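K.L.:
Spelled out, the chains give:
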Amino acid sequence: MTENSYIHLTDMPLEADKVTALVSNSSQGGVVVFTGNVRDRTKGKKVLRLEYQAYQPMAISEMEKIRQKVLAQWPQSQIAIHHRVGTLQIGEAAVIIAVSTPHRAQAFKACELAIDTLKEQVPIWKKEIFEDGEVWVAAHP
Amino acid sequence: MTENSYIHLTDMPLEADKVTALVSNSSQGGVVVFTGNVRDRTKGKKVLRLEYQAYQPMAISEMEKIRQKVLAQWPQSQIAIHHRVGTLQIGEAAVIIAVSTPHRAQAFKACELAIDTLKEQVPIWKKEIFEDGEVWVAAHP
Amino acid sequence: MKLQVLLFGITRDIVGKSMLELDYRGPSDIQSFKEMLKDKYPEMSNLSHFKIAINQEFAREDSQLQEGDEIALIPPVSGG
Amino acid sequence: MKLQVLLFGITRDIVGKSMLELDYRGPSDIQSFKEMLKDKYPEMSNLSHFKIAINQEFAREDSQLQEGDEIALIPPVSGG
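First to last, the sequence lines map onto chains S, B, A and P. Basically this note's numbering = 1-based index in the first sequence + 412. Basically this note's numbering = 1-based index in the second sequence + 412. Basically this note's numbering = 1-based index in the third sequence + 474. Basically this note's numbering = 1-based index in the fourth sequence + 474.
It should be emphasised that the hints constitute simulated quantities derived from the structure, not laboratory data. Mixed in with the good hints there might be a few duds.
25 angstroms max Cα-Cα, derived DMTMM-like pairs, lysine to aspartate or glutamate [to be verified]:
| # | chain 1 | residue 1 | chain 2 | residue 2 |
| --- | --- | --- | --- | --- |
| 1 | B | Lys-539 | A | Asp-487 |
| 2 | B | Lys-477 | A | Asp-543 |
| 3 | S | Lys-477 | P | Glu-531 |
| 4 | B | Lys-539 | A | Glu-541 |
| 5 | A | Lys-525 | B | Glu-540 |
| 6 | S | Lys-458 | P | Asp-487 |
| 7 | S | Lys-477 | P | Asp-543 |
| 8 | B | Lys-457 | B | Glu-543 |
| 9 | S | Lys-521 | S | Glu-463 |
| 10 | A | Lys-512 | B | Glu-546 |
| 11 | S | Lys-521 | B | Asp-429 |
| 12 | P | Lys-491 | S | Glu-476 |
| 13 | A | Lys-491 | B | Asp-423 |
| 14 | A | Lys-508 | A | Glu-531 |
| 15 | B | Lys-430 | S | Glu-532 |
| 16 | B | Lys-430 | S | Asp-423 |
| 17 | S | Lys-521 | B | Asp-452 |
| 18 | P | Lys-525 | S | Asp-429 |
| 19 | S | Lys-521 | B | Glu-543 |
| 20 | S | Lys-521 | S | Glu-532 |
| 21 | A | Lys-525 | B | Glu-476 |
| 22 | B | Lys-430 | B | Glu-476 |
| 23 | P | Lys-525 | P | Asp-487 |
| 24 | S | Lys-477 | S | Asp-429 |
Just so it is clear, the structure is predicted and the values come from calculations on it, not from any experiment.
Construct the complete structure from the given sequences, taking the supplied hints into account.
P.N.:
Here is the structure:
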């Protein structure tokens, strides 16, 4: 699976405008963009920063599968998924998903399906760094 | 009803980054942004440009009501609604709504509720300009 | 009563100006006021619908017009 | 069979390196392979779960390991 501009895994800051532009054209009326940002606390505990690790080729392949699933279910849609890896500071975007469709209700549905599926299936892991330790999120029950 | 930065009616181009930043902070994990763009055709007919007219004070008041409705239903959410008026070229954004919530499913629901309500209740009107005439959208059955 | 009626969208085009000054002598309920407008401007009957706003709020079924109110005609909205 | 197993997230920390080279002599089904890993690295039993990817695809119940496959351990993902 080769990476294309619609599917992008990068250690550089994500740019919402760029992701949005990939799916915007003059025949799509509505664009829905989801941005997942790094939060400053988990269960009340202060997070200093996060580290994202990916199984890169498989992560790209799984993100492309999500894209193809959306395109199959909504044939007139366009979708782009950009995900960050490496060290992220609080407030930075970890993922941006942009979906455009002729009718807006579909764009909301498709964008939500995409992020829900990404969080379940794409081999990317985040480690939260606290003042007194670090934890791989979701690793333990 | 006075205008604030969360609710904005302007004849200048909208900026998605600016609207998104209004609701982004380090304790909100997810931001959903809806952008409604001017389409190049209506029922197969080529649109040259659009003209948006608003009953300004009431439009702002109705947008603020939508904001308050979302804040009441999702007390931890943040929402900004920016709408354009005047002459818009094809592909330009007519409306941008950004919603952040601690949990992403709520942001999708709240953003969709906001744009659906805006399209039903906010006193703004658009006229489509064709090569051979112009039409106030939705005016006639 | 003397009323100033703000016009927008297609109603502005139908009337040909953005504000209508009326010396309205009919009943002060919304339905009667709308009927008067449709009589005076028959094209308004062709609209999908139109609503009345009083002081920047949508009028309700039982709203009454009063002199000095800010009245506006609200044809079908199409923002977004 | 000789297997190279890619490690990510917590499994990389448990094993202490990013790739494990194994001369695996057990049955080639996924379940047996996972049991061997849990025996060798007891901390893996404490995870919510972990999956196996073969050649960059999630292994299915009936998948079989073959020499030369690209194997990876996939602990609970947490992207987004």
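K.L.:
Of the numbered hints stated previously, which ones are contradicted by the structure, given in increasing order?
P.N.:
4, 9, 12, 15, 18, 19
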